[in-house]
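Engineer: Given next are the chains, with one letter for each unit.
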Amino acid sequence: DAGVIQSPRHEVTEMGQEVTLRCKPISGHNSLFWYRQTMMRGLELLIYFNNNVPIDDSGMPEDRFSAKMPNASFSTLKIQPSEPRDSAVYFCASSPPGTGGSPLHFGNGTRLTVT
Amino acid sequence: GQQVMQIPQYQHVQEGEDFTTYCNSSTTLSNIQWYKQRPGGHPVFLIQLVKSGEVKKQKRLTFQFGEAKKNSSLHITATQTTDVGTYFCAGPAGGTSYGKLTFGQGTILTVHP
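In order, the protein sequence lines correspond to chains A and B.
109 is the number that my numbering gives to position 109 of the first sequence; each next residue is one higher, with no gaps.
All you need for my numbering is the position in the second sequence, starting with 1, plus 115.
Quick caveat, the hints were computed from the structure, so don't treat them as lab data.
Careful, some of the hints might be misleading.
[Unchecked claim] Reference listing, derived: stretches of chain B covered by chain A, where coverage requires no fewer than 3 residues with Cβ under 8 Å from a Cβ of chain A:
no. : region
1   : 148-158
2   : 178-190
[Said to hold, decoys possible] Here are some, though not all, of the chain B residues that point toward chain A, as calculated from beta-carbon distances under 7 Å:
no. : residue
3   : G116
4   : K174
5   : Q220
[Stated by the list, open to error] Once the Cα atoms are required to be at most 30 Å apart in a straight line, the calculated DSS-like pairs of lysine-lysine come out as:
no. : chain 1 : residue 1 : chain 2 : residue 2
6   : B       : K171      : B       : K151
7   : B       : K166      : A       : K68
8   : B       : K185      : B       : K172
9   : A       : K24       : A       : K68
10  : B       : K171      : B       : K185
11  : B       : K166      : B       : K151
12  : A       : K24       : B       : K151
13  : A       : K78       : B       : K174
14  : B       : K151      : B       : K172
Keep in mind it's a predicted model, so treat the numbers as computed, not measured.
The C-beta atom is built at its ideal place from N, Cα and C for all residues, glycine as well.
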């Protein structure tokens with residue numbers, strides 16, 4: 001199994017530009033999570049999906065952030081317009097069916113730099 | 116809401132010394148998970164504890180789950196430079212959480228050779 005696949009690995013963009021991060025979860029996993037990691041705030045859960053349906057987006061910082069999961073094998077996190085304070089590492093993680101007992105499998109992350 | 120706190124935030128040790136990180140939850144947990152993140156890497160699942168008072172070992176790592184299921188610890192015996200990284204504990208958010216976890220802020224371990 002290739003694990004959770006994220007792209008791109010690195011993204012450098014200018015303030016105001018649109019950024020799209022992509023994630024392919026592990027086949028058979030039905031929960032998908034988007035996390036943001038910074039030194040100041042640690043690992044923050046932005047949004048998560050179960051069976052492609054958004055369950056909780058209370059962690060999404062503001063309307064500039066949006067996420068979709070059109071099918072079981074693909075999800076996107078979009079920032080429009082991007083701002084320097086969005087600079088962080090964004091992780092996608094997936095987990096198999098289960099209620100609170102399944103470990104998360106993280107992708108390698110996308111390091112976003114907004115100048 | 117649920118909070119998961121870890122101490123210490125940083126720990127510097129000499130190679131060969133022991134290391135312990137502690138995790139405390141504001142609510143009772145059905146289970147607790149531990150993850151390790153190497154510098155520049157992503158969190159990797161280490162272990163899950165489910166039972167009250169449970170103790171599990173992985174080579175030099177010993178994990179404990181408190182009797183009240185609100186705290187946990189990770190102890191590393193005789194640290195090596197390969198142990199460098201950030202160690203996170205995480206607990207389920209409760210209710211119908213579909214696998215949602217609340218992570219502690221992590222303990223950053225530095226091992227000096």
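Engineer: Compare the structure with each hint and give your call.
Structural biologist: Verification of the supplied hints:
{"no.": "1", "hint": "148-158", "verdict": "holds (count 5)"}
{"no.": "2", "hint": "178-190", "verdict": "violated (count 0)"}
{"no.": "3", "hint": "G116", "verdict": "10 Å, violated"}
{"no.": "4", "hint": "K174", "verdict": "19 Å, violated"}
{"no.": "5", "hint": "Q220", "verdict": "4 Å, holds"}
{"no.": "6", "hint": "B:K171 x B:K151", "verdict": "16 Å, holds"}
{"no.": "7", "hint": "B:K166 x A:K68", "verdict": "36 Å, violated"}
{"no.": "8", "hint": "B:K185 x B:K172", "verdict": "19 Å, holds"}
{"no.": "9", "hint": "A:K24 x A:K68", "verdict": "12 Å, holds"}
{"no.": "10", "hint": "B:K171 x B:K185", "verdict": "17 Å, holds"}
{"no.": "11", "hint": "B:K166 x B:K151", "verdict": "21 Å, holds"}
{"no.": "12", "hint": "A:K24 x B:K151", "verdict": "22 Å, holds"}
{"no.": "13", "hint": "A:K78 x B:K174", "verdict": "42 Å, violated"}
{"no.": "14", "hint": "B:K151 x B:K172", "verdict": "15 Å, holds"}
Going down the numbered hints, you'll see the structure goes against 2, 3, 4, 7 and 13, while the others check out.
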